[in-house]
Amino acid sequence: MAYSEQVIDHYENPRNVGKMNDHDDNIGTGMVGAPACGDVMRLQIKVSEDGIIEDAKFKTYGCGSAIASSSLVTEWVKGMTLDQAQELKNTKIAEELALPPVKIHCSVLAEDAIKAAVADYKEKQAKKQ
Amino acid sequence: MMDITQNYFEFLALPVTYQLDLQALAERSRELQKTLHPDRFSHLSDRERRLSVQYTAYLNEAVSTLKNPLSRAQYLLKLEGIDTFSETQVQLDPMFLMQQMELRESLEEVAGSSDPGAEIEALQVTVDREMKSLRDEFDSYYKQSTPTALEAAAVSVRKMQFIDKLGREIEALEDQLFDE
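One line per chain: the protein sequences are A and B, in this order. Sequential numbering from 1 applies to the first sequence in our numbering. Sequential numbering from 1 applies to the second sequence in our numbering.
Think of the hints as simulated: they come from the structure by calculation, not from any bench. By construction, the Cβ of each residue, glycine as well, lies at the ideal position given by its N, Cα and C atoms. It is possible that part of the hints are untrue.
Here are some of the chain B residues that sit facing chain A, going by a computed Cβ distance under 10 Å [stated by the list, open to error]:
hint, residue
1, M2
2, D3
3, M98
4, M101
5, R104
Please take these sequences and the hints and turn them into a complete structure.
Listed below in structure tokens is the structure:
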């Protein structure tokens, strides 16, 4: 199957690959996976005191579309509020990357990952209080 | 006569169980293959020959599905109405995913290590151990056969899918590093 130029670009030059300290209070971590293809994705956000996402990192073991989807999300969410990030839709990711129908689930995985990261951050904050 | 509306186990006249006797599977497969041999059909009508092609395809599908411990588990669940063959949207235990992430990170570091052979072997041991324990776990849930137990069996299968993928990646790396 042919990948779109956008996917190849993210695949060859992934943005924001890496890891942040999961134990820090201002870090939210989302871990998701897709059993059918065995893909694993970790997406982390660093949140400022006024609730803005300052930084985002990801690591994905999976196909080009899964890597590109998570790479794109880390680019997009920087500067967003938590609410904005939580409203990110997989359809926007799929559209931007021109994903074919069989690869839509990769964008869903990335959406799930950012949602999980925001939820994890909120849970940490709630525990602090 | 053979009947492709039967499930794979019935088709092969084998008991519906996860602890499948692989030797019996091979024997049954050979017997059926013999009766399906194209030479035996040369005198038959087109319709009968077409049927024999269909039977052969079904037989091959049945054998390859039941032989592999992962697809056998998936097939058993499918017979119970739980389809894990192509699901993409499921919640997974974050601790398990974390471990999968770490195993893949270790695999990524193999090529640059001082003794890649030993590193790969260690990972292979982990994969085999995890797979074995997931198979046992699946079998015990499957045998309980209550809806809750079958759902737990599906969780074991989903985990097996990740381990299986890792196993294939280890093999691929091994080929790449040592098969010059």
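Going by Cβ atoms only, is M98 of chain B closer than 10 Å to chain A?
6 Å, holds
Using the nearest Cβ pair, does D3 of chain B come within less than 10 Å of chain A?
It is violated, given that the least Cβ distance between D3 of chain B and chain A is near 30 Å, above 10 Å.
Mind checking the CB of R104 of chain B against every CB in chain A and telling me if the closest is under 10 Å?
With a closest approach of 4 Å, the R104 of chain B hint holds.
Hey, does the M2 of chain B contact hint survive, CB to chain A under 10 Å?
Interface hint status for M2 of chain B: violated (31 Å vs cutoff 10 Å).
Per-residue hint verdict: M101 of chain B, partner chain A, C-beta under 10 Å:
Given a least distance of 5 Å, the restraint on M101 of chain B holds.
The structure does not agree with the numbered hints 1 and 2 stated previously, though it agrees with the rest.
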